[in-house]
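*Asks:* Read off the chains here:
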Amino acid sequence: MGGISSKRLQTPTGDVLVFHDNASEASWVDAIGRDVRKWEMRYGSDFTTAKEYTLTAIGADTIVQGVIAGRRALITTAAAENSGLNMQLIGTPFQLASGKKLYFGAKLTFNTAAGNDFFVGLASTDTDIIVTHAISVAASAVGWYALSSTALVAYNEIHADSVTTTATPVLDTSAHIYEFLYDGTNLNFYLDHALVAQHTTFVPTVVMAPSIVLQSSAGGAAETCAIDWMRCIQLP
Amino acid sequence: MSILSKYVNGVQVYYDDYEHRWVRAIGPDVRSWEMRIGSDFTTAIEYTKTAINTGGGTSTIAQGVTAGIRALITTDDADNDSINLQLVGTPFQLASNHPLYFGWKGTINEATQSDLLMGLATKDTTLIAAHALNVVDDGVYFYKLDNTVAIYGAAEKTGTVGTVAVATSMDVSAHIYEFLYDGVGAITYYFDGTQVGQITSGYPTVVLSPSLFFATGSAAVKTCTTEWMRVIQL
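Chains as they are written, first to last, in the working numbering: chain C, 1250 to 1485; chain P, 910 to 1143.
One or more of the hints may lead you astray.
[Unchecked claim] Not everything, but these chain C residues come out facing chain P in the computed CB check (under 8 Å):
hint: 1; residue: E1274
hint: 2; residue: K1287
hint: 3; residue: T1341
hint: 4; residue: P1342
Just so you know, the hints here were simulated from the structure itself, not pulled from any lab data.
Note that this is a predicted model, so its numbers are computed, not measured.
Glycine included, every Cβ here is placed at the ideal spot set by N, Cα and C.
If we strip away everything but chain C, and leave its shape as in the complex, we get:
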């Protein structure tokens, strides 16, 4: 990261001051404005289900505060195929709406490159976003996923209608930054700050919650996902 810059962005109700990573103007880290909606996974989050998050574990799957400095959470699955954790913020505080820019980003590290199924992004309330190595969103979602392979997919869906783009870089065991920016009309997906795709159709319009899912793939090994940070910012 090469520093932070700020810019004023015009919204339908006036200006908002947005701070972004110098690596990409689309990589928002903060925004200041009266009606800004911002959520960020806290250090010290309470991961007891039904407190801050709704957690749905299939087996003996856990999420805890990271014990490694900088890690806000560590998800660990049981060593069983398809075992895993589906986590959503309680409430559905975000909704893509015309003219209202929205940023979502997460910095994640997995312990194996092709040994898991994961999704990170925004989704309508759903306790099984991934089922048997396949996306199984009941209503709407937007984000990134990989399904038992190293292929990283930018994706958005309204019910069964979806758009996907597979990123050129493949998943590995290093930390990567998964982001998308809704520009008020279209969805722009970024991997490690590089634009991967712009999706213009099937952009969800319902209320959604920040969501993350990790499940073990066919190998049935215990998988982990470390969350350095995860945030969502929407302008009025």
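Based on the hints, put chain P in the right spot on chain C.
*Replies:* Relative to the frame of chain C, chain P by itself:
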């Protein structure tokens, strides 16, 4: 709305259309609290929550399922059913040379048959009781009571309340209620950005907690939504 910043007491304060409307302050000793998206409303975790349920259901406060709503209070369906919410701890205290901002943007779905209070108060589980102010000790707040659409800004010290009247009547639209203590000797109240009045004496100096109270004033479920609620003290 335009975001600008200024230095107050050596602290960088961001504000929007109005210089009194602080939205962020950056400084080593700034005391800032904002109701979070993702708050835990389980009682005694982040908040002390007191529900009155004399009807057939339960008064609740929950994360808003409508985008942008940080909290939704839904009362039970008997007169006086309510939610009384206070942040755990009393992190704020009016003190000389320490200006303080409070703001709340919210909506109630019943302008007349309801009670509403939001601001800072000493620890109190019944800020309003039987449609009457019931803050036992101290507070700085806005309120409206059942059977009226009159809104007041208030400062209360050991049970004695001073008020300023908001010219606008309560309705069911979203409004912004704010007050700014100047750190010298005056609390100025604002409604939707417009100055309502000022209280220069009889305000509290004890520790206070961000507080919200909403009650139904009839035998029907009523709701109160909070879009945002923040306190910033320098």
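*Asks:* Going through the numbered hints above, which ones does this structure break? Give me the numbers in ascending order.
*Replies:* Those not satisfied come down to hint 1.
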